[in-house]
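Asks: Dock chain B against chain A, hints included.
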Amino acid sequence: MRLKIIVLAKQVPDTRNVGKDAMKADGTVNRAALPAIFNPEDLNALEQALRLKDQNPGSTVTLLTMGPGRAAEIIREGFYRGADGGYLLTDRAFAGADTLATSYALSMAIRSIKDYDLVLCGRQAIDGDTAQVGPQVAEKLGLPQITYAEEIQKVENGHVWVKRRLERGVETVSAPLPSVITVNGTAPDCRPRNARLVQKYKHARTATERQQSADSPYLSLLDARPYLNIAELSAAGVGADAAQCGLSGSPTKVKKIENVVFQAKEGKTLTAADTDMDELMKELIANHTIG
Amino acid sequence: MNNLFVYCEIEDGIVADVSLELLTKGRQLAETLGCRLEAVAAGHNLEGVGAQVFPYGVEKLHVFDDPRLSPYASLPHTSIMVKLFSVEKPQIALMGATSIGRDLGPRVSSALGSGLTADCTALEIGENNLLYQIRPAFGGNIVATIINPDCRPQMATVREGVMKKEELGTAVGIKGETVKYDVTKYVSDTDFAVSIIDRQMEKSKTNIKGAPIIVAGGYGVGSKENFMLLHELATVLGGEVGASRAAVDAGFTEHERQIGQTGLTVRPKLYIACGISGQIQHIAGMQESSIIISINNDPAAPINAIADYVITGTVEDALPKMIKYYKKNTK
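Top to bottom, those sequences are chains A and B.
With this note's numbering as the guide, the letters of the first sequence map in order to residues 1 to 291.
With this note's numbering as the guide, the letters of the second sequence map in order to residues 1001 to 1331.
One chain only, chain A, in its complex shape (with noise of 0.2 Å):
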């Protein structure tokens, strides 16, 4: 069977490896800090989304994401490893969106993609590690959903096979196409990048991205090559209301950010000199920590 496949993909500032710069003076981020990259777990789900492409011949595999102009790299990313058409969701609109108010935005997106089999989306981005996404997508478009999936086994008589993995074990399900699936992070790392497929895609632009270098000696390469061009979609285009989108359509508020302070400690400073080592252990055996 011959399947289309929709990824979702975040492009999110790495929250993982945070230096000691990531944070301002007033306790907001400041995210130029920190690189941003394909969320990890989306990644595991393109992964997913490539090996059903490989089972399934003439299947396609195309990313869609939702955000600023940059976010493009995400699909040049995903064409660097096998997919095979993109889309860049931004509009003004969608600022300050939770995950309700994008949830609707990728659903009406979807719908105006409209021929599909499978949404595919990591469990949780890592900016926020909600994991709302996923189920909200499926819920608007009014489909099945599989969370936590580790590997999608096959697709068969109209049905896709799913291992999940949760907290104590695993479960397998099979659900009707087409259908939602969140992948984990414990789902196979996805494969590299292609260097055949860099070297093919690596002029891939927006029409925004087009305007933005006009002078740009590749130019000429999007007229001649229709699939270097990224469909860009907004927020009309894919006839969102715009109550619904962004700031407006999302229930929850930020009433207060902080920088956490906790209840600083009149700690003991030790070195690991055999010395210092001996005495702790006296210590804590002392008043009944161990021992």
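None of these hints come from the bench; they were simulated from the model.
Any given hint could turn out to be false.
What the hints assert, rightly or not - The calculated PhoX-like cross-link candidates involving lysine-lysine, where the alpha carbons are at most 25 Å apart (straight line), are:
1. B/K1321 x A/K282
2. B/K1165 x B/K1175
3. A/K282 x B/K1205
4. A/K268 x B/K1165
5. A/K265 x B/K1269
6. B/K1060 x A/K282
7. A/K282 x B/K1331
8. B/K1203 x A/K163
9. B/K1328 x A/K268
10. B/K1327 x A/K268
11. A/K268 x B/K1180
12. A/K163 x B/K1269
13. B/K1165 x B/K1205
Replies: Okay, now just chain B, sitting in the frame of chain A:
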């Protein structure tokens, strides 16, 4: 109407700890608000649920008993919650931040158009009787207070172990009422489109939550091999091994050992943090430990600020000596 609801996770007729913890917190919040605490149980063979939840001050238990509702599946449980909430109009709904609650919560919130805050580390009643949903964000580098000013219910998930579980005591005299529902009126055939082919659940191999001593490692431990040193010390001291998210992400140890906002919350007698820098996301899960030892070659590691003992040095150097001098001094 306008009460506080807790969705109870049930496996083999047993209500999960996380649900009982939420009932305990829910009881406090309901008292502040002057509303009732209600619980929802959906599954099969639920006769024993009332006896498990009433000691936590549940005033009304909504029971949906049907063989098709166990084990948990997204669609039928969503239908039940959405229809029940459309009638009951709770002001607050709480669920565990587990693979069930994090599957069900967002779907229910989307269907009801209400806001949901994942993985809260604190819940308080604030101005205008709004639920203040407090959670670390941005990889734990900031802590945000989230509110849902307009939409109801105000929904939140909380991880296991974050809230304390405490029965009310018999003197309070709250008598719980059970309401049983006709499940066929709440679910449709299309809710069973996803079939469970196979299910293999096992009891957890580790008991980190209940361990009196935890030796936890971070990215600074450096390798899977060095993590064995932590296991040695933990074995000698009679404790368990935990880990920071960075160590788990790096593949040094299993995910079930992760401590912090997106892992376990622990309160041991002794917490030995090895090569853990101390992001808020991690500290949120261990700050209530009685005694904290930090072993780090960076004297400026943030975790040192909350440590009772700061050992400036490497894990490879310090841990074997701790084992050696523990053995020497306990002989």
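Asks: So if I understand the rule, the pair passes when the alpha-carbon distance is 25 Å or less; does A/K282 with B/K1331 pass?
Replies: 12 Å, holds
Asks: With a cut-off of 25 Å on the C-alpha distance, tell me whether B/K1060 and A/K282 pass.
Replies: 53 Å, violated
Asks: With a cut-off of 25 Å on the C-alpha distance, tell me whether A/K268 and B/K1180 pass.
Replies: 59 Å, violated
Asks: Next pair to validate is A/K265 with B/K1269; report whether the Cα-Cα distance is within 25 Å.
Replies: 16 Å, holds
Asks: Within a Cα-Cα threshold of 25 Å, do B/K1328 and A/K268 meet the stated pairing?
Replies: 22 Å, holds
Asks: Would you check the hint for B/K1327 and A/K268, treating anything up to 25 Å between C-alpha atoms as holding?
Replies: 22 Å, holds
Asks: Has the given pair, A/K282 with B/K1205, been kept, meaning a C-alpha gap of at most 25 Å?
Replies: This hinted pair is violated, its Cα atoms lying about 32 Å apart.
Asks: Check whether the Cα positions of A/K268 and B/K1165 lie no farther apart than 25 Å.
Replies: 33 Å, violated
Asks: Is it true that the CA of A/K163 sits at most 25 Å from the CA of B/K1269?
Replies: Distance ~38 Å between A/K163 and B/K1269 Cα, so the pair is violated.
Asks: Is the hinted pair B/K1203 and A/K163 satisfied, with a Cα-Cα distance of at most 25 Å?
Replies: Since the Cα atoms of B/K1203 and A/K163 sit roughly 19 Å apart, the hinted pair holds (cutoff 25 Å).
Asks: Would the hint linking B/K1165 and B/K1205 be met if the CA-CA limit is 25 Å?
Replies: Between B/K1165 and B/K1205 the Cα gap is close to 22 Å, so the pair holds against 25 Å.
Asks: Compare the distance between the alpha carbons of B/K1165 and B/K1175 with 25 Å, and conclude whether the hinted pair is satisfied.
Replies: 19 Å, holds
Going down the numbered hints, you'll see the structure goes against 3, 4, 6, 11, 12, while the others check out.
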